[in-house]
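Chain by chain, the residues:
There are 4 protein chains.
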Amino acid sequence: MRFAVQSRLEYEVKSPTVFILNVEAAALRRQRIIAQRLQLTPGYAIERFAEDEGGSRFLRVIANPGSFSVAYAGEVEVNMIEKEPAGISEVPVGELPLDILPYLNPSRFCQSDLLGRFARREFGELEPGHNRVNAICSWIHDHVDYERGSSDAQTSAYDTMVLRAGVCRDFAHLGIAFCRALNIPARFASGYAWQLDPPDFHAVFEAYLGGEWYLFDATRQAALQGLVRIGVGRDAADAAFATIYGDAEFKGMSVGIEAVSPDAEEEPTVRAVAVG
Amino acid sequence: MRFAVQSRLEYEVKSPTVFILNVEAAALRRQRIIAQRLQLTPGYAIERFAEDEGGSRFLRVIANPGSFSVAYAGEVEVNMIEKEPAGISEVPVGELPLDILPYLNPSRFCQSDLLGRFARREFGELEPGHNRVNAICSWIHDHVDYERGSSDAQTSAYDTMVLRAGVCRDFAHLGIAFCRALNIPARFASGYAWQLDPPDFHAVFEAYLGGEWYLFDATRQAALQGLVRIGVGRDAADAAFATIYGDAEFKGMSVGIEAVSPDAEEEPTVRAVAVG
Amino acid sequence: MRFAVQSRLEYEVKSPTVFILNVEAAALRRQRIIAQRLQLTPGYAIERFAEDEGGSRFLRVIANPGSFSVAYAGEVEVNMIEKEPAGISEVPVGELPLDILPYLNPSRFCQSDLLGRFARREFGELEPGHNRVNAICSWIHDHVDYERGSSDAQTSAYDTMVLRAGVCRDFAHLGIAFCRALNIPARFASGYAWQLDPPDFHAVFEAYLGGEWYLFDATRQAALQGLVRIGVGRDAADAAFATIYGDAEFKGMSVGIEAVSPDAEEEPTVRAVAVG
Amino acid sequence: MRFAVQSRLEYEVKSPTVFILNVEAAALRRQRIIAQRLQLTPGYAIERFAEDEGGSRFLRVIANPGSFSVAYAGEVEVNMIEKEPAGISEVPVGELPLDILPYLNPSRFCQSDLLGRFARREFGELEPGHNRVNAICSWIHDHVDYERGSSDAQTSAYDTMVLRAGVCRDFAHLGIAFCRALNIPARFASGYAWQLDPPDFHAVFEAYLGGEWYLFDATRQAALQGLVRIGVGRDAADAAFATIYGDAEFKGMSVGIEAVSPDAEEEPTVRAVAVG
Chain A
385 MRFAVQSRLE YEVKSPTVFI LNVEAAALRR QRIIAQRLQL TPGYAIERFA EDEGGSRFLR
445 VIANPGSFSV AYAGEVEVNM IEKEPAGISE VPVGELPLDI LPYLNPSRFC QSDLLGRFAR
505 REFGELEPGH NRVNAICSWI HDHVDYERGS SDAQTSAYDT MVLRAGVCRD FAHLGIAFCR
565 ALNIPARFAS GYAWQLDPPD FHAVFEAYLG GEWYLFDATR QAALQGLVRI GVGRDAADAA
625 FATIYGDAEF KGMSVGIEAV SPDAEEEPTV RAVAVG
Chain B
385 MRFAVQSRLE YEVKSPTVFI LNVEAAALRR QRIIAQRLQL TPGYAIERFA EDEGGSRFLR
445 VIANPGSFSV AYAGEVEVNM IEKEPAGISE VPVGELPLDI LPYLNPSRFC QSDLLGRFAR
505 REFGELEPGH NRVNAICSWI HDHVDYERGS SDAQTSAYDT MVLRAGVCRD FAHLGIAFCR
565 ALNIPARFAS GYAWQLDPPD FHAVFEAYLG GEWYLFDATR QAALQGLVRI GVGRDAADAA
625 FATIYGDAEF KGMSVGIEAV SPDAEEEPTV RAVAVG
Chain C
385 MRFAVQSRLE YEVKSPTVFI LNVEAAALRR QRIIAQRLQL TPGYAIERFA EDEGGSRFLR
445 VIANPGSFSV AYAGEVEVNM IEKEPAGISE VPVGELPLDI LPYLNPSRFC QSDLLGRFAR
505 REFGELEPGH NRVNAICSWI HDHVDYERGS SDAQTSAYDT MVLRAGVCRD FAHLGIAFCR
565 ALNIPARFAS GYAWQLDPPD FHAVFEAYLG GEWYLFDATR QAALQGLVRI GVGRDAADAA
625 FATIYGDAEF KGMSVGIEAV SPDAEEEPTV RAVAVG
Chain D
385 MRFAVQSRLE YEVKSPTVFI LNVEAAALRR QRIIAQRLQL TPGYAIERFA EDEGGSRFLR
445 VIANPGSFSV AYAGEVEVNM IEKEPAGISE VPVGELPLDI LPYLNPSRFC QSDLLGRFAR
505 REFGELEPGH NRVNAICSWI HDHVDYERGS SDAQTSAYDT MVLRAGVCRD FAHLGIAFCR
565 ALNIPARFAS GYAWQLDPPD FHAVFEAYLG GEWYLFDATR QAALQGLVRI GVGRDAADAA
625 FATIYGDAEF KGMSVGIEAV SPDAEEEPTV RAVAVG
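Chains A, B, C and D are the protein sequences, given in the same order.
To convert, take the position in the first sequence, counting from 1, and add 384; that gives our numbering.
To convert, take the position in the second sequence, counting from 1, and add 384; that gives our numbering.
To convert, take the position in the third sequence, counting from 1, and add 384; that gives our numbering.
To convert, take the position in the fourth sequence, counting from 1, and add 384; that gives our numbering.
Mixed in with the good hints there might be a few duds.
No copy is singled out in the list; a pair is fine if it fits within one copy or between any two copies.
[Stated by the list, open to error] Calculated lysine to any residue pairs in the SDA-like style (CA-CA distance at most 25 Å, straight line):
| # | residue 1 | residue 2 |
| --- | --- | --- |
| 1 | 467 | 631 |
| 2 | 467 | 579 |
| 3 | 635 | 500 |
| 4 | 467 | 433 |
| 5 | 635 | 532 |
| 6 | 635 | 531 |
| 7 | 467 | 539 |
It should be emphasised that the hints constitute simulated quantities derived from the structure, not laboratory data.
Computed from a predicted model, the values in this text were never measured in an experiment.
Sequences are here, hints too, so could you generate the full structure?
What follows is the structure, given as structure tokens:
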């Protein structure tokens, strides 16, 4: 499928400020950038760097006092692999590619070391594989309230496990923590999410199964085939759309995604979706 | 039923030290002290004070450097009320006796304010009453591992909710927190527990239902009819068997309880047990 | 000194709701109520109960759907004891009145058990007495930012110790936790605070020294001689101005206090202030 | 300087278990491996992988039930850069190499996002550079007790900030968190530490200053010039000497390091030490 995505961030900069921005669609094997345009106002110089592991494309911009806006628009072709969930197995730790191992470690917002007993109690007896990770998502969906304003930028999986409310990033963090606790590598992914209502940046997670990274959305709000990924990382600490070093006030944002390919209206299937 | 209880605490005191001890059976309407003996070695002076609300009998002793032991033995008649659980209802907050209201507040180890959403999700739809509190105990019993050494004196209900392991005091704290979150007054009770194996001080909790305080043991390890209560409080912070201000090393302890009345061997029933 | 105090709370009640209100000036040995008027609109029935220890006067009201307001006005004579701080000593635990001992225990928002090492390191070498507690207040004032909106109703002393920002209740909680960690009994006090700008309910703490409860305000914002206490408790969990069981939306409030006695304009001194 | 290092880990394996081991000296530009020998008993197959960023050399071994030991011995030449601390500046975020930026992010044990206000209050006014990071180390050394057994594998910088006790890894985590909070990239390093008494694996941290990674040891226990690094990572989650997936009991370990070069006895200087 092909999507047109766009976002716009607006700031009022008070003193010279460094922005690390992560809003561009990632250039990935299964996510091809057809066209794109990034417009900064004023037209500050940009430094780009791609994070190897997940293809995130970061920009560094130094902005001076005054209004500052970042507008991005792109057309992206997403060709995810869809498979029967039943046949997708977990990879034993002894057989994991070695560069995947760091995604078993606990991270700032995903304290898998503390959630291990719960994860093994609740999910340990389930048959390993894609269906088990899907069961994790169902558990989160059924046991955590999706509620705007119920969490903040400091909320971690540990907190969400008790407080039982959050937004997409909290759902992703909890899913990641459970997977890692079960020795399933997992990572955080941000993106433009087709059919998400209201439109916003979205957060999901990826689990490494059967030799591929598969997408999971415990909020059940977006179509996985329609996720244009911006970046991935260990958790939200690695994938903020904007990290600001200096003094700038956030003034507003808009995010949009539309399907532009002929098959856009087909119903999302329930098959497993891998990003390669 | 009538019980013979005994305990012995031993310390090596390094410098003059104040002990606040809470080892004597409480004098309560439904718990009658037949005989008792407290022996301190050396024979330091004792100051006694009873905490009105729960009948806990605290001792204050100032010990000098050297060995120090506290030996208590008592014979206690316990006459709890046993009722059919089905008929025991909750008391609406608007009708609670006003001196009961503090037991709705969160406390050090029972952060009921943070556990509210979970408690309402999990237990909110159950029919109010003794059976609901019993369902809370069953949930704890089924979802938390009883494991010595898995928690420490700082572990709170918030932690246990995530870590899913603990000992009797952690089980009690979680039960108290859930009850308060559901507007059921609840408090911590320590005691000598008949049939507890191995023998030790035990911790349970009490919930205020139908105008009485009812006993609950989420560990399911002891017979409620055979609990000789030492004291009660908001949580373990109020009911330590020994609080030490100074420098004393704990050297060992023994705890014992035996049934001495003719009906001692009868099987504990499954009825609700109130302490009045 | 004599003060006129008033407060008004407004709610929109959605379903029958129990309010536990704590807005009346406490009737204390050194705080005499000259006149007062409580007006509920609508004029619901009131149940009153006083909490023995601290003199807090709680009201229970059951409100039906619709607008609900609570207006309180009183004239109160406050006769605190003022003393030279230098002569006020701490009371050894072995000599504390026994009913004071619970104020050494950790509580929901004052985890003195976890803050002990810090408290002893920072304040342990200071000479015991009123001046030491004042040094605790100075430390808090100098190391924690007073910032509205930086904390919420779940913030505890443990958090404030790391986050270093809060409002009056957080300052009080930290002071209480430090005192208890040093074996100084301490408790939370809410009140109407003369010269507090902008006017609001205020929170301070009391430490038990030399046989009296002394007032301390780590925010340094109000005149201690001008504090008309509403209530006291272990921490904010015991002294909320309104605890709501049901469904009611807070619509607004006003709080006021004015000095009405001839000596009202004299400058607050720097002497220690005890509430008896 | 040239060092002979050795370590030995012993386990009793209960069921087939995957070990990820990180005990070999890292191969780094300024740390040259002269000779080394790794001996597994039994002689299981080894998979090796190096983590690019920090040069950590991980081994994956699958062990069968029975005794299992890992013995490593190496001779390593360490040629760190020593400089005058006064001339070593911080690098503005806008000029940091882009692959260094992830070391500004909070991580599992280094919640720099929560410690920011404290770090800015305490260290924000100090002149930027090596001396500021050294001041951070002095603060930690002076405000945290080094005490074996006072922390565990779950203890984070957030906890240490309150509890004020820990071991080398806790000291390193707190240093890293403070640096990141001040926009100084920082990472965790484990190693063999010359002159550490008693001998053990050691943990220190590295801060990115003036274009190099500089070593810091807030415990002040080891000579920085004598640190043979094993690996680096965001925090201890990335640099465990052994991560075990399966069921194996730790039976014991030994760690050793000796200086073998002629200049080994010279006194460590107080100059800044960079690892390049």
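Verification of the supplied hints:
no.	hint	in the structure
1	467 - 631	neither (47 Å within a copy, 34 Å between copies)
2	467 - 579	within (21 Å within a copy, 56 Å between copies)
3	635 - 500	between (40 Å within a copy, 23 Å between copies)
4	467 - 433	neither (33 Å within a copy, 31 Å between copies)
5	635 - 532	both (19 Å within a copy, 21 Å between copies)
6	635 - 531	both (23 Å within a copy, 22 Å between copies)
7	467 - 539	neither (34 Å within a copy, 41 Å between copies)
Hint compliance for this structure: hints 1, 4 and 7 are broken, all remaining hints hold.
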